[in-house]
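Visitor: Now for the letters of each chain:
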Amino acid sequence: GESVGLHLPTLSVQEGDNSIINCAYSNSASDYFIWYKQESGKGPQFIIDIRSNMDKRQGQRVTVLLNKTVKHLSLQIAATQPGDSAVYFCAENAGGGADGLTFGKGTHLIIQP
Amino acid sequence: DAGITQSPRHKVTETGTPVTLRCHQTENHRYMYWYRQDPGHGLRLIHYSYGVKDTDKGEVSDGYSVSRSKTEDFLLTLESATSSQTSVYFCAISDKGGNYGYTFGSGTRLTVV
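Protein sequences, first through last, are from chains A and B.
Counted the way the numbering used here counts, the first sequence spans residues 1 to 113.
Counted the way the numbering used here counts, the second sequence spans residues 1 to 113.
In isolation and in its complexed conformation, chain A is listed as follows:
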């Protein structure tokens, strides 16, 4: 199986609520993690990243949390908006070789009005 995966394929939240998207990884050698957003018909877009020497990183309305003990990554989106509807992928670098990132299958975030 894949070394990066997601707990839920679909997440439905009310507009204005906070969203939490989870990701499990299995490669303990990974030291770099990224969240991507993919809107319908478009390529993945970088949201936020985190390195293994950190356990939390914040951006604009987004926070990534890294728990290396249980190999878990999460993306928190504050005050979810209709424009946040998309598929969200996590990715890990599994040691940082030239062959790069390994991607999870994605969680579809649906915003309810």
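FYI, nobody ran anything at the bench for these hints, they're computed from the structure.
We put the CB at the ideal spot given by N, CA and C, even for glycine.
Take these hints with a grain of salt, some might be off.
Claimed, not checked - DSS-like cross-link-like pairs, simulated, lysine-lysine; straight-line CA separation at most 27 Å:
id: 1; chain 1: B; residue 1: K96; chain 2: A; residue 2: K71
id: 2; chain 1: B; residue 1: K57; chain 2: A; residue 2: K105
id: 3; chain 1: B; residue 1: K11; chain 2: A; residue 2: K105
id: 4; chain 1: B; residue 1: K96; chain 2: A; residue 2: K105
id: 5; chain 1: B; residue 1: K11; chain 2: B; residue 2: K70
id: 6; chain 1: B; residue 1: K53; chain 2: B; residue 2: K70
id: 7; chain 1: B; residue 1: K96; chain 2: A; residue 2: K56
id: 8; chain 1: B; residue 1: K57; chain 2: B; residue 2: K11
id: 9; chain 1: A; residue 1: K42; chain 2: B; residue 2: K96
id: 10; chain 1: B; residue 1: K96; chain 2: B; residue 2: K53
id: 11; chain 1: A; residue 1: K68; chain 2: B; residue 2: K96
id: 12; chain 1: A; residue 1: K42; chain 2: B; residue 2: K57
id: 13; chain 1: A; residue 1: K42; chain 2: B; residue 2: K11
Claimed, not checked - Listed below are several chain A residues computed to face chain B (Cβ distance under 8 Å; list not exhaustive):
id: 14; residue: I34
id: 15; residue: D49
id: 16; residue: L101
Stated by the list, open to error - Sample of chain B residues lacking proximity to chain A, with all beta carbon distances greater than 10 Å (derived):
id: 17; residue: P8
id: 18; residue: T26
id: 19; residue: V60
id: 20; residue: G63
Mind docking chain B on chain A? Use the hints.
Guide: Structure of chain B alone, referenced to chain A:
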């Protein structure tokens, strides 16, 4: 996406015909990647390049070849297209490989009939 373009955006081809997809970048990034995206599988690496004329295989390279004769262009060729190669193909670029985020193109939707 700024600095990276894929062509064509859509293509329908017949089984057994050769097909070439093009990825063009204006960022002068060293690393370029080809992924395919299929339902239930997420993004899977086909081939990647770490410099001009330097390429290597990814996890799903069978039936595909690549070439990179100059920094800005990375070509993906299906020598004899099969229906199993119907997919959405994404190109990505990076200036530092898997230790930093990628920038993705908008994708090419290929249908093999």
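Visitor: All the hints need checking, so say for each whether the structure fits it.
Guide: Hints, verified against the model:
1. Between the alpha carbons of K96 (chain B) and K71 (chain A) the distance comes to roughly 24 Å, so the proposed pair stays at or under 27 Å and holds.
2. Of the supplied pair hints, the one linking K57 (chain B) and K105 (chain A) holds, its CA atoms being roughly 21 Å apart against a limit of 27 Å.
3. The straight-line distance between the Cα atoms of K11 (chain B) and K105 (chain A) is roughly 24 Å, inside the 27 Å bound, and the hint therefore holds.
4. For the hint linking K96 (chain B) to K105 (chain A), the alpha-carbon distance of about 24 Å falls within 27 Å, and the restraint holds.
5. The hinted pair formed by K11 (chain B) and K70 (chain B) meets the criterion: a straight-line CA distance of about 24 Å does not exceed 27 Å.
6. In summary, the hint linking K53 (chain B) to K70 (chain B) is supported, as the alpha carbons are separated by about 8 Å, within the 27 Å threshold.
7. For the proposed pair K96 (chain B) and K56 (chain A), the alpha carbon gap of about 23 Å is at most 27 Å, so the pair holds.
8. About 24 Å separates the Cα atoms of K57 (chain B) and K11 (chain B), which keeps this hinted pair within 27 Å; it holds.
9. For the hint linking K42 (chain A) to K96 (chain B), the alpha-carbon distance of about 23 Å falls within 27 Å, and the restraint holds.
10. In summary, the hint linking K96 (chain B) to K53 (chain B) is supported, as the alpha carbons are separated by about 17 Å, within the 27 Å threshold.
11. Our distance criterion of 27 Å between C-alpha atoms is met by K68 (chain A) and K96 (chain B), whose separation comes to about 24 Å.
12. Only pairs whose Cα atoms come within 27 Å are accepted, and K42 (chain A) paired with K57 (chain B) is accepted, the gap being roughly 25 Å.
13. Using a Cα cut-off of 27 Å, the hinted pair K42 (chain A) and K11 (chain B) holds, with the two alpha carbons roughly 16 Å apart.
14. Below 8 Å, beta-carbon pairs count as interface contacts, and I34 (chain A) has one with chain B at about 5 Å; its hint therefore holds.
15. Restraint check, D49 (chain A) versus chain B: the minimum CB separation of about 6 Å is within 8 Å; hint holds.
16. Using the Cβ-Cβ criterion of 8 Å, the hint placing L101 (chain A) at the interface with chain B is satisfied: the shortest such distance is roughly 5 Å.
17. Taking the minimum C-beta to C-beta distance to chain A, about 15 Å, the non-interface status of P8 (chain B) holds against the 10 Å cut.
18. At roughly 16 Å, the least C-beta separation between T26 (chain B) and chain A is larger than 10 Å, which holds for a residue marked as non-interface.
19. Distance check on V60 (chain B): its Cβ is at least 12 Å (rounded) from any Cβ of chain A, clearing the 10 Å threshold; non-interface status holds.
20. For G63 (chain B), the condition that its CB be more than 10 Å from all CB atoms of chain A holds, with the nearest at approximately 18 Å.
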